[in-house]
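Enquirer: Based on the sequences and whatever the hints tell you, model everything.
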Amino acid sequence: MDQIDFHALDDTQKKFMLEVALGNKGTCVSVSGGMCGEIYVFDQGENVLPRYVCAKIPKPLKNASIQETNKRFVNELKNQLSYNHQMFVHWAFDFIEVHGSPVALFRYWGSDLDKVIRKPELSSVTEKLSIMVYACSGLSHCYKSGLVAHQDLKPANIFLRDVKNEFRDLPDLDIYNVALIADFGLANAFQDSSVFGGSRPYMAPEQWSESELSPKTDVFALGVILYELMSGGFHPVGIKLNDYWPRPVEAYSKKWTKAEVWKKWAKTASINFEGVSPIEPEVQSLVLDMLSVDPSDRPSIEEVKIALLDIVKRESQESFVQLEFLVNYFEQKASTEPLKNRWPYLWERWGQFQTKFEKCI
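With the first letter of the sequence shown counted as 1, position 238 gets the number 457 in this note's numbering; the numbers rise by one all the way through.
Be aware that one or more of the hints could be misleading.
[To be verified] Okay, derived cross-link-like pairs now, DSSO-like style, lysine-lysine, Cα gap no bigger than 30 angstroms in a straight line:
| id | residue 1 | residue 2 |
| --- | --- | --- |
| 1 | K338 | K363 |
| 2 | K334 | K473 |
| 3 | K575 | K281 |
| 4 | K290 | K474 |
| 5 | K338 | K575 |
| 6 | K297 | K338 |
| 7 | K278 | K482 |
| 8 | K338 | K559 |
| 9 | K435 | K474 |
| 10 | K278 | K290 |
| 11 | K383 | K524 |
| 12 | K473 | K486 |
| 13 | K334 | K552 |
| 14 | K383 | K532 |
| 15 | K477 | K281 |
| 16 | K338 | K290 |
I should point out that these hints are in silico values taken from the structure, not numbers from a laboratory.
Computed from a prediction, not measured in an experiment: that's the story for all the values here.
Expert: So, in C-alpha cells, the structure goes:
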C-alpha cells in the first residue's frame with residue numbers, strides 16, 4: 220500500500236490525520252502558516268495545563284525536494300534544542316512522524332510581538348521596553364550556546380507569554396508579558412547553506428551584501444523592531460509596515476514588496492522620526508546606534524539590554540527593580556547541562572526522530 224502524502228491532503232484531512240496521530244492532544248482548533256511551516260493549534264481542554272499546544276510541520280519549499288525541506292526543518296530543530304533551556308527561548312517538547320512528515324510539538328502561547336504592534340494603545344511604554352529586554356536576554360543565551368545569527372528576527376518570531384494569567388498575586392506592574400525567541404529556520408544559515416537572507420524589512424546591510432554575519436546582524440533587526448514597537452507600527456523608512464509588507468493593502472503601492480527598495484534603504488538605514496508617535500529621546504538614540512550601517516558601530520546584545528533597562532528605570536523604579544530581578548534570576552537558572560542528562564526522554568525521542576529523517580535524506 221502506497222504511503223499517504225501528507226502535503227497532498229486538504230486542510231480538513233490534515234487536521235484529522237494529526238488528531239489521530241497525536242491522540243491525547245485534543246482537538247485541532249486553528250491552522251496558520253508562515254513562509255516555511257504550518258502550525259496546527261490543539262485545545263487539550265480547560266482542565267489540562269497547558270491547555271494549548273501546537274504542531275509545526277515544514278511546508279514544501281519551491282525549488283527544493285521534500286527531502287531537502289525535511290532536512291532544513293530537522294536542522295532548525297537541532298539548533299533550537301542546542302539553545303534551550305532558558306525562560307526566554309521557545310523550544311519543542313516532543314517529535315513525531317506523521318505519514319512521512321516530521322512534526323515538532325511546542326507549547327502554544329497565543330500571542331506574539333506582531334499583535335502588540337498592531338494594537339499599540341493596549342501596551343504601556345514600560346511593557347514594550349520590558350518585552351525587548353526579555354528578547355535580548357533570550358538571544359544572549361542562544362549566542363552562548365552556538366547561535367551566530369538568527370537571521371530572521373521579526374515581530375511574528377518573538378512569541379509572548381502573559382505570566383499574569385498563570386501566577387496569582389503578582390505586583391501591579393507592566394512587565395509580565397514575557398518574550399520568547401522563536402523560529403530558528405534560518406539560524407546560522409549563512410554558515411550551513413550559504414543563505415544570507417531573512418525578512419527584507421529587518422535585514423542588515425551585511426545580509427544584503429552577503430558578508431560575514433554575527434550577533435550584530437540581529438541587533439540591527441532588533442533596532443527595526445524597537446522602532447516599530449515604539450512608533451505604533453512604523454518602519455524607520457517612514458511607512459506603516461503592515462500596510463505595505465508582506466502584502467500591501469488594496470490600492471497601496473507594491474513598491475515595498477520588492478527586494479531592491481529594502482536593499483537600497485539598508486545601505487544608509489535612514490530613520491524618520493517625524494510623523495509617528497512620540498518616541499523617547501533615549502530610545503531614539505538607541506535605535507540610531509542599533510541601525511548603524513557598520514556592524515562594528517552597533518552595540519552588543521548585552522549593551523542593548525542594559526540600555527533598555529536604564530530607560531525602564533527612568534520610567535518606573537519599581538518596574539526596573541522587578542524586571543532586573545526576573546531577568547537575572549532566569550539567566551542564572553538557564554541550564555548549560557547537555558540535553559542527554561537534563562531530559563533523557565526528550566533526548567531519546569530526538570535521537571530516533573533525527574535518525575529517521577537523516578536516513579531519508
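Enquirer: For every hint, state whether the structure bears it out.
Expert: Taking the hints in turn, this is what the structure says about them:
Proposed proximity of K338 and K363 is contradicted: the alpha carbons are some 34 angstroms apart, above 30 angstroms. The hinted pair formed by K334 and K473 meets the criterion: a straight-line CA distance of about 23 angstroms does not exceed 30 angstroms. The straight-line distance between the Cα atoms of K575 and K281 is roughly 23 angstroms, inside the 30 angstroms bound, and the hint therefore holds. Restraint check for K290 and K474: not satisfied, since their Cα atoms lie roughly 34 angstroms apart, outside the 30 angstroms limit.
Between K338 and K575 the CA atoms are separated by roughly 43 angstroms; this puts the pair beyond 30 angstroms, and the hint is violated. Proximity of K297 to K338 is assessed by CA-CA distance (about 34 angstroms); at most 30 angstroms being required, the pair is judged violated. A hinted pair counts as satisfied when its Cα atoms are at most 30 angstroms apart, and K278 with K482 qualifies at roughly 27 angstroms. Taken as a hint, the K338 and K559 pair is broken in the structure, with Cα atoms around 42 angstroms apart against an allowance of 30 angstroms.
A threshold of 30 angstroms between alpha carbons decides the hint, and for K435 with K474 the separation of about 28 angstroms falls inside it, so the pair holds. For a cut-off of 30 angstroms, the pair hint linking K278 to K290 stands: about 12 angstroms separates their Cα positions. Between K383 and K524 the CA atoms are separated by roughly 23 angstroms; this keeps the pair inside 30 angstroms, and the hint holds. In summary, the hint linking K473 to K486 is supported, as the alpha carbons are separated by about 21 angstroms, within the 30 angstroms threshold.
Simply put, K334 and K552 have alpha-carbon atoms about 29 angstroms apart, close enough for the 30 angstroms limit, and the pair holds. For the hint linking K383 to K532, the alpha-carbon distance of about 21 angstroms falls within 30 angstroms, and the restraint holds. Only pairs whose Cα atoms come within 30 angstroms are accepted, and K477 paired with K281 is accepted, the gap being roughly 19 angstroms. Taken as a hint, the K338 and K290 pair is broken in the structure, with Cα atoms around 37 angstroms apart against an allowance of 30 angstroms.
In summary, the numbered hints that this structure violates are 1, 4, 5, 6, 8, 16.
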